[in-house]
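For the working numbering, add 5 to where a residue sits in the first sequence, where the first one is 1.
Be aware that one or more of the hints could be misleading.
As the list claims (entries may be wrong) - DSSO-like, lysine-lysine: derived pairs with alpha carbons at most 27 Å apart: (1) K310 <-> K483; (2) K419 <-> K283; (3) K143 <-> K283; (4) K143 <-> K330; (5) K330 <-> K276.
No lab work stands behind these hints, which were simulated from the structure alone.
Only a predicted model underlies this, so the values are computations on that prediction, with no experimental measurement involved.
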Amino acid sequence: MRRTKGEGDIAPVLLWFRRDLRLRDNPSVVAAFRSGRPVIPVFILEIAGPARPPGAASLWWLDKSLKSLGADLAVAGSRLVLRRGDAGTILSDLAAQTGAERLIYSRVYEPQVLERDAALAAELGVETEIHNASLLLKPGRVRTGAGQPYSVFTPFWRAGRPQIGSIQLAPAPTSLTPPAAWPVSETLADWALHPTSPDWSSDFADWTPGEAGAHARLHRLLDETVAAYADARDRPGVEGTSRLSPHLAWGEIGPRQVFAAVEALEARAPKLAGSADKFLAEIGWREFNYNILGQHPQLATQNLKPAFDAFPWRRAPRQLDAWRKGLTGYPIVDAGMRQLWRTGWMHNRVRMITASFLIKHLLIDWREGETWFWDTLVDADPASNPGGWQWVAGSGADAAPFFRIFNPITQGEKFDPNGAYVRRWVPELAQLPAAAIHAPWTASPIELAAAGVRLGETYPEPIVDHAMARARALEAFKGLGG
DNA sequence: TTTTGAGTTGTTCGA
DNA sequence: GTCGAACAACTCAAA
Numbered sequence: 006m007r008r009t010k011g012e013g014d015i016a017p018v019l020l021w022f023r024r025d026l027r028l029r030d031n032p033s034v035v036a037a038f039r040s041g042r043p044v045i046p047v048f049i050l051e052i053a054g055p056a057r058p059p060g061a062a063s064l065w066w067l068d069k070s071l072k073s074l075g076a077d078l079a080v081a082g083s084r085l086v087l088r089r090g091d092a093g094t095i096l097s098d099l100a101a102q103t104g105a106e107r108l109i110y111s112r113v114y115e116p117q118v119l120e121r122d123a124a125l126a127a128e129l130g131v132e133t134e135i136h137n138a139s140l141l142l143k144p145g146r147v148r149t150g151a152g153q154p155y156s157v158f159t160p161f162w163r164a165g166r167p168q169i170g171s172i173q174l175a176p177a178p179t180s181l182t183p184p185a186a187w188p189v190s191e192t193l194a195d196w197a198l199h200p201t202s203p204d205w206s207s208d209f210a211d212w213t214p215g216e217a218g219a220h221a222r223l224h225r226l227l228d229e230t231v232a233a234y235a236d237a238r239d240r241p242g243v244e245g246t247s248r249l250s251p252h253l254a255w256g257e258i259g260p261r262q263v264f265a266a267v268e269a270l271e272a273r274a275p276k277l278a279g280s281a282d283k284f285l286a287e288i289g290w291r292e293f294n295y296n297i298l299g300q301h302p303q304l305a306t307q308n309l310k311p312a313f314d315a316f317p318w319r320r321a322p323r324q325l326d327a328w329r330k331g332l333t334g335y336p337i338v339d340a341g342m343r344q345l346w347r348t349g350w351m352h353n354r355v356r357m358i359t360a361s362f363l364i365k366h367l368l369i370d371w372r373e374g375e376t377w378f379w380d381t382l383v384d385a386d387p388a389s390n391p392g393g394w395q396w397v398a399g400s401g402a403d404a405a406p407f408f409r410i411f412n413p414i415t416q417g418e419k420f421d422p423n424g425a426y427v428r429r430w431v432p433e434l435a436q437l438p439a440a441a442i443h444a445p446w447t448a449s450p451i452e453l454a455a456a457g458v459r460l461g462e463t464y465p466e467p468i469v470d471h472a473m474a475r476a477r478a479l480e481a482f483k484g485l486g487g
C-alpha cells in the first residue's frame, strides 16, 4: 500500500546493507545519518541474485551478524528491515511504499554484482548514492608505470600502500531517525539460516559474529597477537593469527579500521613495525585479490593461466571424499580438514598444506577444493578464496612455482612441532609421541599399541605415498608454463 | 626498446 | 646436522 505524503513529511532514505554489516566507519551509514532524513535500513537476502550464493557456513555467520546489526540499530532508535528475493523488485517496492527518494548503499566488489547494481540504479527511479566500505584501494586504481593493473603482489603493495594515505575514521551515529511507519519485515527465524537436523555448528562457539565481536578481535590483535605475528602466524597450534577474516568478509569491520589501528600501533611502538607489516601485507593480499577479481570476473571457475585448461586432472571421488572428511592418513591434512568442518575456519598455513595436498598429491582439480572451502568457511570470500586456490595450483596470479609441493610430514614437524594441533583435531592420534605424530606409520608397534592406534582401523593408512605423489605431480606439472 | 632483477609461504640432494 | 644449489622457465615491473 502506498503511503500518501502529507504536508511536512520528509521523504526517508533507504539504507541498503550488504557486505558492510556495521555502523562504525561505514560511509553509507554516515551518509544516511547526515541526510537529516528518516532512515530505513534494509538487508535483502537474494536467492538467485548476481552474487555467488553464500555457502552454508557463511549463512550461519550471516544469521548472527544480522541479529547483531539489528540490535545495534535498535540502540540507535532504528531497525533492520529484512526482505528476501530480487533486490531490484524489493527496493522498488520499498521506495514506492515509503516514499523514499534516495537509496544509499556500499558496493559489493564482485564484477557480476557491480554490473547488476549499475543497471538497478538506472532503473529504480530514485537517486542512488554509492560508497566504498570494503576496500582500501578500489580495483584498478593502483597501476604500473605503464598504466597497467598489477598482477604481482609485491610491486602492487609497494605501490598501493602509500596511496592509502591518512585515514579519518567515522564514528557510529548515536541515533538514526525512524520513518513515520516501518515497512513490513521478515524475521531471521523465517530465513532459517541456522542449520537444523543436524545442527553442525556446535563447535562454532568461539566465534562472535557482529561488529562488537570484530572489534574484540581487533583489540586482541593489537594487544597480543601482532607483536609475535611474524612467527606465530605460521603455528596452527597457537593462537597466532588475527581471526578477523569472517568479520572482514561481512564488513562487520572494514579494512580501513584495521589498517589505521595497526599503523597507529606501529607509530607508537616502532619495534613492532616489522611484525605488523607482515600482518598488513595480509590485508594487502585481500586488496590484491579483489584487484585480480576485477580483471578476471570468472576467477572462481577459470584458470588465470590458460595453459592449465589442458591439465589432466584426476577424477577420484573416494580420495576427494577422504580429503573432505579428514581421512587422508596424513595427520596435518586431516587436522586441518576437520578443523574446517567443525569450526568453519582453518589456519592459513594449513589451508596451504591441505590445498597443496588435494592439487598436487591427489591431482584433483583445484575447483573441487575451492568449492568445498566456499561452502564450509565462515570467511569465504569471493576474491580471496579462488585467488588462494589458484595461487596454490599455480594457475593464478603471482602463483607458486610448480615444483613447490608441500611435504605434509615435514610441514607438520616444522610448524606443529609438538603435535598440539594434530592432537586437538585428530584425537585418535593424541597419545602418540611427538616424533611420530605427523607420520604414524613410522611409529613402532609398541608405540602404536600404547597410543591405542591401529592403522587402517582407528586411523587410515596414507591414501597416497608421498614420494610417489610428488614425483607424479612434478611430471604432470612439468612444462605447463609457469 | 632493451635489460635486469625479482618473484608470500618449499623440498630434496649432496657436499 | 647444516648449507647451498637445483628444481624451469616465465613474466612482470622498473630502470
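Hint by hint, here is what the structure shows:
no.	hint	in the structure
1	K310 <-> K483	holds, 15 Å
2	K419 <-> K283	holds, 20 Å
3	K143 <-> K283	holds, 22 Å
4	K143 <-> K330	violated, 38 Å
5	K330 <-> K276	violated, 43 Å
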